[in-house]
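Asks: Note that the protein sequences, when read in sequence, are chains F and V.
Reminder that position 31 of the first sequence reads as 31 in this note's numbering, one-by-one numbering, no gaps.
Reminder that position 49 of the second sequence reads as 49 in this note's numbering, one-by-one numbering, no gaps.
Just so you know, the hints here were simulated from the structure itself, not pulled from any lab data.
The structure displayed is predicted, hence computed values, not measured ones.
Heads up, the beta-carbon is just placed ideally off N, CA and C, and yes, glycines get one too.
Mixed in with the good hints there might be a few duds.
[To be verified] So, partial list: chain V residues that the calculated Cβ filter (under 8 Å) puts toward chain F:
1) Phe29
2) Ala30
3) Ile52
4) Ala57
5) Glu58
6) Phe65
7) Val66
8) Ile67
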Amino acid sequence: MAAEAKLDPMHQFQLEKLAGADWNIAGYNVAFTNSALWMAIATLALIVFVAGGMKRAVVPGRWQMAVETFTGFIDGMLAANVGKAGKKYVPYIFSLFMFILFANFLGLMPLGVVGVHAFTFTSHFSATGVLAVLSFGIVLIVGFAKHGLHFFSLFVPHGTPVAMIPIIFVVELISFLVRPFSLGLRLFVAMMAGHVLLEVLSSFVISGGNAGPALFVIAGLPSFVLMVGICALELLVAGIQAYVFALLTCVYLNDAENLH
Amino acid sequence: MDAEAAKLLGAGFAAIGAGLASIGVGNVFAKFLEGALRNPGAADAQQGRLFIGFAGAELLGLLSFVIAALLIFA
Numbered sequence: 001m002a003a004e005a006k007l008d009p010m011h012q013f014q015l016e017k018l019a020g021a022d023w024n025i026a027g028y029n030v031a032f033t034n035s036a037l038w039m040a041i042a043t044l045a046l047i048v049f050v051a052g053g054m055k056r057a058v059v060p061g062r063w064q065m066a067v068e069t070f071t072g073f074i075d076g077m078l079a080a081n082v083g084k085a086g087k088k089y090v091p092y093i094f095s096l097f098m099f100i101l102f103a104n105f106l107g108l109m110p111l112g113v114v115g116v117h118a119f120t121f122t123s124h125f126s127a128t129g130v131l132a133v134l135s136f137g138i139v140l141i142v143g144f145a146k147h148g149l150h151f152f153s154l155f156v157p158h159g160t161p162v163a164m165i166p167i168i169f170v171v172e173l174i175s176f177l178v179r180p181f182s183l184g185l186r187l188f189v190a191m192m193a194g195h196v197l198l199e200v201l202s203s204f205v206i207s208g209g210n211a212g213p214a215l216f217v218i219a220g221l222p223s224f225v226l227m228v229g230i231c232a233l234e235l236l237v238a239g240i241q242a243y244v245f246a247l248l249t250c251v252y253l254n255d256a257e258n259l260h
Numbered sequence: 001m002d003a004e005a006a007k008l009l010g011a012g013f014a015a016i017g018a019g020l021a022s023i024g025v026g027n028v029f030a031k032f033l034e035g036a037l038r039n040p041g042a043a044d045a046q047q048g049r050l051f052i053g054f055a056g057a058e059l060l061g062l063l064s065f066v067i068a069a070l071l072i073f074a
C-alpha cells in the first residue's frame, strides 16, 4: 500500500465487523462492529471514572472532586434551565453528557501511535440519531404524561392573535419536529468534519514529505503545525458539542415540564 | 457541463454557506463578549443562552457541509 499515496479521508468512518458477521435478526445483520466496540469502551471508561469517585469521603480526593464537578455541573445546568422539576433528569443528562464526551475524546486519542485505531462512533448519524430520538422521546413522554393534550398549547405561544394561530401552529410544529434531526445532525457533522479535516491535513504532511525535502519544508511542516492547532480546536469542539447536546436536551425538557 | 462537474461545483458553492456561518458564530461570541464586558456580573448566568445561539448558528453552517458531502459522496 506504500505506492498508494492518495489518502481516502472517509475510510476512517468505515464499519468493520469484528465478530458475528452471520448474526442476523429478522434479515438485519447485528454483527459486533468496531463502532460497538468503542461504545463498549466508552461505557466501560465512564463506569470506571464514576465508580472511582463514589467514595463519598467528607474531604474529597482529586478523583472524587473530578466526578463531583461533573455531577454538580449537570445539576446546575438542569436547575438553571428546567428549575426544581429538573432534579429527576440529572441521571439521564449526566449519562448522556458523559457518554458523548468520552466518545468524542476517545476518538481523538492518539492511539494510532501504539497501533490501535480509535473509532469515533459519534461521527455516525445512526449513533447520534438514536441518542437524539431518545431525548426527543423522553420529551414527548414527559410532556403528554404531565399535561395530556394540553401539551399542544406548546405550539401556540401566549398572546398569539387568533388570525395568526393557524400559521404559528404550523411553524412551531415544524420547529418542534426537526429537533431530533438537528440534535443528532449537529453532533454527527461536527465530529465527522473535524476528523475529515485532520485526515486531509495529515495527507498534506505525508505527501509533502514523500515529495522531497523542499516541499516538506514548504507544505509539510506548516500543515503539521496547523494540525497540532486543529487538534486543540477539536478537543474544544468535542467538549462544546457534548455540552450543547446536553444543554439543548435540558431546554427541550423545560418545554415538556413547564410548557411556555 | 456534465453532471459530475456540476455536482463538484455545487459542493464548492456549498462551502460559501460554511463561511457565512463562521461570520454568524463569530457574531454570537463577539456580541456576548461585548455585553459581558459591560456587565460582567450578569455574564455567567447567560452562558447557556450563548451556547444555544452558537448551536443554532453552527447548525446552519454544518448543513451546508452536509449538502456538500451529499453532492460528492451520494
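Asks: Decide, hint by hint, whether the structure agrees.
Replies: Consistency of the hints with the structure:
1. Phe29: V:Phe29 check fails; min Cβ-Cβ to chain F is 11 Å, beyond 8 Å.
2. Ala30: 17 Å, violated
3. Ile52: This interface hint holds because 7 Å falls under the 8 Å limit.
4. Ala57: 11 Å, violated
5. Glu58: This interface hint holds because 7 Å falls under the 8 Å limit.
6. Phe65: 6 Å, holds
7. Val66: 6 Å, holds
8. Ile67: Constraint on V:Ile67 not satisfied, violated at 11 Å.
Checked against the numbered hints given earlier, the structure breaks hints 1, 2, 4 and 8 and satisfies all the rest.
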